[in-house]
Amino acid sequence: MDFNDTPEEAKFRKEAYEWLKANAPLKEGPKDGWRAASEEEGLKEVKVWQKKLHEAGWACMHWPKAYGGRESTPIERVIWGQEVSKFKVPGGYLEIGQGMAGPVMMMYATDEQKERYLPPLATGEEIWCQLFSEPAAGSDVAGIKTKAELDGDTWTINGQKVWTSGAHFSDYGILVTRSDPSAPKHKGLTFFFVDMKSPGIEVKPIKQISGGANFNEVYFTDVKIPDSQRLGAIGDGWKVSLTTLMNERLAVGDASGPDFEEAFSLARGQDLNGKLAIENDAVREKLADWYCQQSGLKYAKYRNISALSRGETPGPQSSITKIVSGNKLQEVANFGLDILDSAGIVRSDEEGAEQSMYQYGFYGAAGIRIAGGTDEILKNIISEQVLGMPQDMRADKGIPFNEIPTGNK
Amino acid sequence: MNFEFSGDQMQLKDIARKFLEKEESVKRARAVLEGEESYDKDLWSQVAEMGFTATAIPEEYGGLGLGYLELCVIAEELGRSLAPTPFSSSVYLATESILQFGSDSLKQNYLPSLASGEKIGAFAHSESTTAPTEQNITCEFKDGSLSGSKIAVTDGDVADFYIVSAKTGSEIGLFLVESSADGVEISSQPTLDPSRSHASITFKNAKAEALDSGWSNITTLLDRAAVLFSFEQLGGAEACMDMAKEYAMGRYAFGRSIASFQAIKHKLADMYIAVELARSNCYYGAWALSTDAPELPTAAATCRVSASQAYHECSKENIQTHGGMGFTWEFDCHLYYRRCRQLAANIGSQSIWKDKLISSLERANQI
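One line per chain: the protein sequences are D and U, in this order. The first sequence maps to residues 2 to 410 in my numbering. The second sequence maps to residues -15 to 351 in my numbering.
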């Protein structure tokens, strides 16, 4: 039992580190990182960085070389991730395209389409979004209603999507629609990719509880899609969607925000009722719980990396990480604000103000526990896919979709 | 990265598991709980014959000279099967005390018979409802003999000797007292977990031999033992999760398996998460123990807290999943619920270990 690389892993790590060292600044501390002045600026910087990565062979590492990847093993991707986290490099914008759209295109698109669309995903020239969730279809994402009707070899799309990250700057989107409302829920779906500049597509930002707008509503009004952009057979859209949903759980990782270290350091410097907060036993108990959770996640990750290193399939770490870290963040944020007493509620735009980090976590955690699979859905996944327990009984099984009772509150 | 037990260690674990299943260790725990015996002598001699008691003792003292990683995987299986033997007292505490802090003559005299299971040792530390501290221990060693009282000594009624914490001058140290020595009075104490025996012990000028003294030695002993106790707790927690799942799968209510209700599925998912966090922290503890890492105090407290929490969660929710049957004497759920409490109490409470964890992080600032 050790934490050491194999000789091959060490060699790969060195190669990755040296390239990064030559091309990017090292972070100055654990909380240092890349920040863009604006979303537009960020997108520009990400594209420049991605192009550089691609030219050096570090883009979409597990992809076939023909589409711009390097056919890396899972453990090499992990090592790259560990090394890149030491540097201040641009990130974001590309995950959905490379992590979700790419795999589904690879599996279902024609050879010509793969040659046309996959390389610009790897180089970062084109951005993709995922058009799945709808106002009445969140956790039950197969319950979508956006209508697709075929006339000749052209489909007409009408309906509304929601929670679409990056729709406003995306070039293309992957889209799941209902092509047969008289078929049972999972049977009448059809999957497409769509040009986001198509006439009839309207993108509106959603204002979140934090006041920010990272997501959109996307409206479809008589949007035309050629049948050649259908992925998978007509009515097979659920099967195609599962390819991307599996990848989504891998993409949403550890909740970012204040964690044990921040709470510990706050408690060591903050007065509470005449003595340091760290001397309060209730505070110590909470800190110990968070440390144990954080440590458990850290070493679970090491166990998974070890499994990858041996060429085995890792455990369901991403579901556990998301549930534990999302809830921990919510509690740490609440603790941080509580320790700051009444001042914790006062907003401050001042850079580095103590309460800002906790206020960000206060909002953010509420979203993290929902995005990319709610706590409840992830617990279903653990109980069904890991423990082998049966699926819940469904009231809509086998019933034509248009006869299923609905209600959107 | 190779943060995993080796193939050989996993094989040893498998051997231990199959052996304990074949010997119906859980059934034996029930027999001890219901009967007059303090522990299962037959199982104990078989455990010793398998070499489990000799695992971490060097060959020169009659042991197998394997390492602590091997002892960890055995501990997990003993915990999973509720083995009704004095293993934790004799191996994690008494053997470790002598190995770490005993003189060479103590090692020569005691380790071979501890390795073979002929001798059983126990750790006598608690004196009252307040956790023992450097300040409140009243047992005293003077001129070669020890006086005072200890309570809730696990395996105290069957041990051949005790490792006793006592003050000597201004220091607290560890002392070895034979249970047959003059001035030793042993009185069995009924507990919440009768599958493991306990006793209160009074020493009146009993002959005692000193180990290396110092409160820090007691802390180190408890840190080392905590990792091994954590593995027992982990095994027990996982057994409860498996039991709960198996029962839910076969139990029907409202026309369906109760395992198909989200209320039950989410309960099981929570148990699974608690067990996975505990397992990962236990591996960290095992690594620190087996490499004598300076992180041991942090790692030990982390795995102890995490495994105690997982066992508590799993043993109580196992009863809940079983419904009324879980509350019967007939079902095994209560055996685990009891053992969970026994293991949680044995080397200090949850609050104490949480406090130790934060203290060790404050000292090391290793964040």
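Derived from the structure by calculation, the hints contain no laboratory data. A hint or two may mislead.
Okay, derived cross-link-like pairs now, DSBU-like style, lysine-lysine, Cα gap no bigger than 30 Å in a straight line [said to hold, decoys possible]:
| id | chain 1 | residue 1 | chain 2 | residue 2 |
| --- | --- | --- | --- | --- |
| 1 | D | Lys208 | D | Lys188 |
| 2 | U | Lys300 | D | Lys287 |
| 3 | D | Lys299 | U | Lys(-3) |
| 4 | D | Lys87 | D | Lys276 |
Label-pair distances were calculated between CB atoms; the ranges are [to be verified]:
| id | chain 1 | residue 1 | chain 2 | residue 2 | range |
| --- | --- | --- | --- | --- | --- |
| 5 | U | Gly307 | D | Pro315 | 31 to 41 Å |
| 6 | U | Lys11 | D | Glu286 | 33 to 43 Å |
| 7 | D | Leu243 | U | Asp(-2) | 27 to 37 Å |
| 8 | U | Glu21 | D | Arg269 | 45 to 55 Å |
Ideal Cβ positions, reconstructed from N, Cα and C, are used throughout, including at glycine.
Holds or violated: are the alpha carbons of lysine 300/U and lysine 287/D at most 30 Å from each other? Measuring from Cα to Cα gives roughly 22 Å; hence the hint holds.
Do the Cβ positions of glycine 307/U and proline 315/D conform to the proposed distance bound of 31 to 41 Å?
About 35 Å separates the Cβ atoms of glycine 307/U and proline 315/D, which means 31 to 41 Å holds.
Quickly compare the C-alpha distance for lysine 208/D and lysine 188/D to 30 Å and report which way the hint goes. violated, 34 Å
State, for the Cβ atoms of leucine 243/D and aspartate -2/U, whether the hinted interval 27 to 37 Å holds or is violated.
For aspartate -2/U against leucine 243/D, whose Cβ atoms are near 35 Å apart, the range 27 to 37 Å holds.
### Query
For the pair glutamate 21/U and arginine 269/D, does the Cβ-Cβ distance stay inside 45 to 55 Å?
Given range 45 to 55 Å: holds, Cβ gap about 52 Å.
May I ask you to test the hint 33 to 43 Å on the CB atoms belonging to lysine 11/U and glutamate 286/D?
holds, 38 Å
### Query
Does lysine 87/D pair with lysine 276/D here, judged by a C-alpha cut-off of 30 Å?
Outside the cut-off at roughly 37 Å; violated.
Given pair status - lysine -3/U, lysine 299/D, alpha carbons within 30 Å: holds, 24 Å
Figure legend: structure checked against the earlier numbered hints; hints not met, in rising order: 1 and 4.
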